Structure formats: C-alpha cells, structure tokens
Amino acid sequence: MSKLYFLGNSTNVQMFGAIITSEGKTVVIDGGVFGDRKQLEALLTEASDGHVDAWFFTHPHHDHIGAFYKIIKHSKVITVDKIYHHFPALDSLREYGSRYESEINLWEKLYARLEGELSDKVETVNEGDVYIFGSVKITVLRVYNENILNNFVNNSSTVLRIDGEAASVLILGDLGKEGGDDTLAKCERELLTCDYTQMAHHGQGGVKREFYEYIRPKCCLWPSPDWLFNNDNGDGFDTGPWQTVRTREWMDELGVTEHYAEKDGTKIIEI
Numbered sequence: 020m021s022k023l024y025f026l027g028n029s030t031n032v033q034m035f036g037a038i039i040t041s042e043g044k045t046v047v048i049d050g051g052v053f054g055d056r057k058q059l060e061a062l063l064t065e066a067s068d069g070h071v072d073a074w075f076f077t078h079p080h081h082d083h084i085g086a087f088y089k090i091i092k093h094s095k096v097i098t099v100d101k102i103y104h105h106f107p108a109l110d111s112l113r114e115y116g117s118r119y120e121s122e123i124n125l126w127e128k129l130y131a132r133l134e135g136e137l138s139d140k141v142e143t144v145n146e147g148d149v150y151i152f153g154s155v156k157i158t159v160l161r162v163y164n165e166n167i168l169n170n171f172v173n174n175s176s177t178v179l180r181i182d183g184e185a186a187s188v189l190i191l192g193d194l195g196k197e198g199g200d201d202t203l204a205k206c207e208r209e210l211l212t213c214d215y216t217q218m219a220h221h222g223q224g225g226v227k228r229e230f231y232e233y234i235r236p237k238c239c240l241w242p243s244p245d246w247l248f249n250n251d252n253g254d255g256f257d258t259g260p261w262q263t264v265r266t267r268e269w270m271d272e273l274g275v276t277e278h279y280a281e282k283d284g285t286k287i288i289e290i
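In this note's numbering, the protein residues as written are 20 to 290.
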C-alpha cells in the first residue's frame, strides 16, 4: 500500500511537508523550515534509505523550502534524483515577494543552486502534467499566474492532485483568495474533490469559504502548530489575529468531521 506522511512540526513553527512512498519510489512535497531538516532526514532514512526520486515544491516561502535548502547544502545521507517546481522569476520575487532582506537572500541562494549545481535535476512543471511513481499519480492542476500580484508568493502556489489506489489528496500550498479563484476557473470539480485536502495557507488567510464549499473536503489536513490551529497568541483560545478558528467553523458547517493537524505529529495515511 502506498503511504503519505503528513509531517508534524518539529519546531512549533507553521510549515508544510509531506512524504509519499509507493513501490520503492519516494516523493517529497515541500518539507518545512530549516529546523525540520533533522526530522525530514530521519523519516527519509527510515522510509527509503535516504533516496528521494522526486521533490516537488508548491512555492518558495521559507517554511516550505527551508528544510530542503539545509539538506542540499549540508546533508550527506539524502540523495535527490529530480526537483519539480514552477517558481516565479527571481526578479519578480525581489520586486513583489518580500520586504525582508533575509528572505530575498534565501531566494537568491536557493535559485543559485537550482540554476547551478542542481540544474540537471530541475524540471519546471506546468498545468496538466502527470507524473507516476509506483502506483501513485501526481497531477499538476494549477501553477503560478504572473497576473496575480496580490499576496504574491502565496498565490504563486502550485496545486497538486495525488491519486493512490486507496485515496486521493489535494495539495493547495499557501494559496490565497485570488489563487483559489484562479484554480476554480481552471479546474473541474471532480479534479479538486479528494479524500484529503491540505488546508490552504495553514488553514487561515487562504482560499475563500466558497472554494471549500465547491470542493467539499472529506478530511482536512491542517499544516498548523497548536498556537495557530487554536488562534492563541498567548492569551488563550481564539485570542490571536489569525483566522484558523473561522476556517474550522466553515468545515464544521460543511459537515467535515475528520481532521489531522501538524500540531499532533506526523500522520501516516494509506493512499
């Protein structure tokens, strides 16, 4: 049976990462922050002796690329065959992506490696592309739309559909409202309706309620540490500025009763 490891956080920071294993093939999606490197290395060593057939990225925020960057820079136990992404151009990231010099520096360092020593491993994905790993099919449903400048990096998220023999998974990355609308305009409902849905932007400030109403999630995967899942800024439940509890209420109203959250540790799902 193919498996998807929905990664728990090891640093109490919001992040997203997943590992898929199927018939001797191993795929990683995103991976988490810098501090998640050790967790990721340990899981990959256990699951595949450290060999990754394919590493997919949704978008280049540090909580999705950080662990990967540390691994390719320092790891002696992980090998990666192929890297798949559809990132914005570096100049666009500099102009629209961040006001923080540290984040821009990370992008510059990452792109230098992707375009340099790793260039023979890198493939740009496009809408409609299909990849097979064992008995798992990964379909690219949506990629970066250069016309969406608001919430630029989050809205550049690639949307992936994962189909195994037993279950399907929808990966939304950090998709925002505009990116969600773009996805709905491009995809038929049956492509977006899956057994498991990764909640956009850690379950808060992501796609609109109408997006979830349209796709009708069956089980929600929340890339959310406890403070974010409960909107707790230190003063108790739902006292913070985040919208996670509102999104949880949406899911209750839509009748979703099955939830898995990053805060509860790594969950292994048979797909």
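If you're looking for bench data, these hints aren't it; they were derived computationally from the structure.
Because the structure is a prediction, the values reported are computed rather than measured.
Every residue, glycine too, gets a C-beta built ideally from N, C-alpha and C.
You may find that some hints are simply not true.
[Said to hold, decoys possible] Calculated cross-link-like contacts (lysine-lysine; reagent style DSS-like; alpha-carbon spacing at most 27 Å):
1) 282 <-> 227
2) 22 <-> 101
3) 22 <-> 44
[Said to hold, decoys possible] Label pairs and their calculated CB-CB ranges:
4) 260 <-> 146: 14 to 24 Å
5) 121 <-> 207: 36 to 46 Å
6) 276 <-> 139: 43 to 53 Å
7) 121 <-> 154: 15 to 25 Å
Of the hints stated earlier, which fail here?
-> Numbers 4 and 7, in rising order.
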